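Protein chains in written order, with the numbering used here: chain S, 1 to 337; chain R, 1 to 337.
Hints were generated in silico from the structure; no laboratory data involved.
From a predicted model like this one, the values you see are computed outputs, not experimental measurements.
Wrong hints could be hidden among the right ones.
Given that identical chains are not distinguished, each listed pair holds provided it fits within a single copy or across any two copies.
[To be verified] Result set (DSSO-like, lysine-lysine): computed pairs, CA atoms no more than 27 Å apart in a straight line:
id, residue 1, residue 2
1, Lys204, Lys322
2, Lys38, Lys166
3, Lys166, Lys110
4, Lys46, Lys259
2 protein chains.
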Amino acid sequence: MGSVIPLKKSANSAYLELKNMLGVKLQKVESLIEQKLKSDVDLIKKMSEHHLKSGGKRLRALLTLESAKLTGYKEEIRDINLAACVELIHSATLLHDDVIDESSLRRGVKTTNSIWGNQSSILVGDYLLSRCFEIMVQDGDLEILQLLSSTSAKIAQGEVLQLQHKGEADLLEETYIDIINLKTAALFSAATKTGACISGSNEKEKKALESYGRNLGLAFQIADDALDYYAKEKFFGKEIGKDFYEGKVTLPLITIFQKGNEEEKEFLMEIMKKNKRTEDDFSETLALIFKYKAVETSLKKAEYFVNVSYDALAIFPDSEDKRILQSLTSFSLNRSF
Amino acid sequence: MGSVIPLKKSANSAYLELKNMLGVKLQKVESLIEQKLKSDVDLIKKMSEHHLKSGGKRLRALLTLESAKLTGYKEEIRDINLAACVELIHSATLLHDDVIDESSLRRGVKTTNSIWGNQSSILVGDYLLSRCFEIMVQDGDLEILQLLSSTSAKIAQGEVLQLQHKGEADLLEETYIDIINLKTAALFSAATKTGACISGSNEKEKKALESYGRNLGLAFQIADDALDYYAKEKFFGKEIGKDFYEGKVTLPLITIFQKGNEEEKEFLMEIMKKNKRTEDDFSETLALIFKYKAVETSLKKAEYFVNVSYDALAIFPDSEDKRILQSLTSFSLNRSF
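Next comes chain S alone, as it looks inside the complex (with noise of 0.2 Å):
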């Protein structure tokens, strides 16, 4: 089968399942995040709530309010004003990544700095994140505010690590997961954390919820990463190669490297440090990725994680929040959005 991926469209079900069951107090989180975004400042309106709309799935939300309902939350408020903070600190970061990254499109959709340029976007994400704190504020829960700021404070030191390692062909796999769990894997943690703290579950349970979060994130940028060498744009709605065409050393890159041979290993050291890479380098390091299986093995690493996270989830009893939560972490490998 070389190295074509099985997108099974079934495995997108347990997100859609989630995204149905939750459907309401989603729509909430939505309607919260709007009017939190008011401003007389018209262009910040404008611009945040483009930027909002441009989708996403609202993963991180989903997150929140799934493992508040699992951990026996029967309230409402508390779980929407905390998914809204969540996703705005996502939503915060993306805006800043996509200046850093100089993206045009997210999702097929034109990104804010490529409509009202950068200088508004980076000042629009310090206005999503103060106002997400102001939310937090409001929740008034110390253990949440310290958790999310924390957290925020990593996603920052992980985008740096990933700029400081940018070009760098033998960058190792340890500094690599070191990477995405401070970018990714950490917010998908204080998502899923934050919604046990909600329900007021004990120590246990909270780090149960957080284990499960933190390896969902690590599997969901390892499968990411890896599907950019491989996912067709109008499935994934991301462009194909963009890491590798700005100099983001992902697992894929890093596997040819550890099983290449010298002159391979040299090809990717010289490719990856260039200013810019061109389509025939692109094409020779698909090449490379196809003859190492480099694809699949990453989504093998990335099932360990599937895995540890499944199996944190073992000391809550049986029920169907657990279920679609369990469900939820194939859908990080298969799924084709």
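Starting from the known structure of chain S, arrange chain R on it as the hints suggest.
The following block gives chain R in isolation, referenced to the frame of chain S:
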């Protein structure tokens, strides 16, 4: 005397007095910031240290410390922590501002973005802001958390508003005041109000210090903007004409527009609309600034805010601390740095 503003060296004495009086505390603020910015990511440590060491008057931190002192705070720790927060919000803003304005020097020192690039600077700004929230959360006062997070949102809004009106020579004076209220005065007033909150002041005292801070901030920004058409670099530590070349319309230009004839207004509209302005444009503009005494007129208007600021302290009994805060108001107008 034409356009020459007397820069009384003695006017700095209020600031120096304040700095000397709070020297030990300020040192603790600096150490706390340094300690909090430690990161496993080496580059972040290097960049934030460089950025924080490139000076600044630490005026906002001093305002928090002194407001707490004025209202009777006798202990230590909370004032240090929160003065550090106020300074970190300011620093994060400056980092992003330098990227947005493409500045290469700040107070004669190379900016972080000019050494390490825009991308890392955006992220380190996010990191500073997140760390600052962590310190606030540790302090745990929800009123202060609410105040400082909404202030952070206001700063971003002010900066966007400023961007939005770039190149607009017929900017209304009221819009200009709105902008500096958000981008500068909001943090000044939050700094002083925070001091009052720390000492458990009553609403009246909080409001008085908030008003003192806001009006001081307005005066400071107007003076800063006015001196951009006057101050010598070596005195003021900023390049003259910076705002002009960046297309930022501030009170001196607004003044020319208010007083100028049709031809002069037309000239201003034309040159401010351009993407870049030449040195000749600047010379011609300076001639108009001189003709209409625009710097003096601006500083005269700033005096109004200086007085409101001074008078806001009336409710406090006379003391050494009150006297220093009072004299600080004229420092905003007559300073050589």
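Hints versus structure:
no., hint, verdict
1, Lys204 with Lys322, "within (16 Å within a copy, 53 Å between copies)"
2, Lys38 with Lys166, "between (37 Å within a copy, 22 Å between copies)"
3, Lys166 with Lys110, "both (25 Å within a copy, 24 Å between copies)"
4, Lys46 with Lys259, "neither (49 Å within a copy, 35 Å between copies)"
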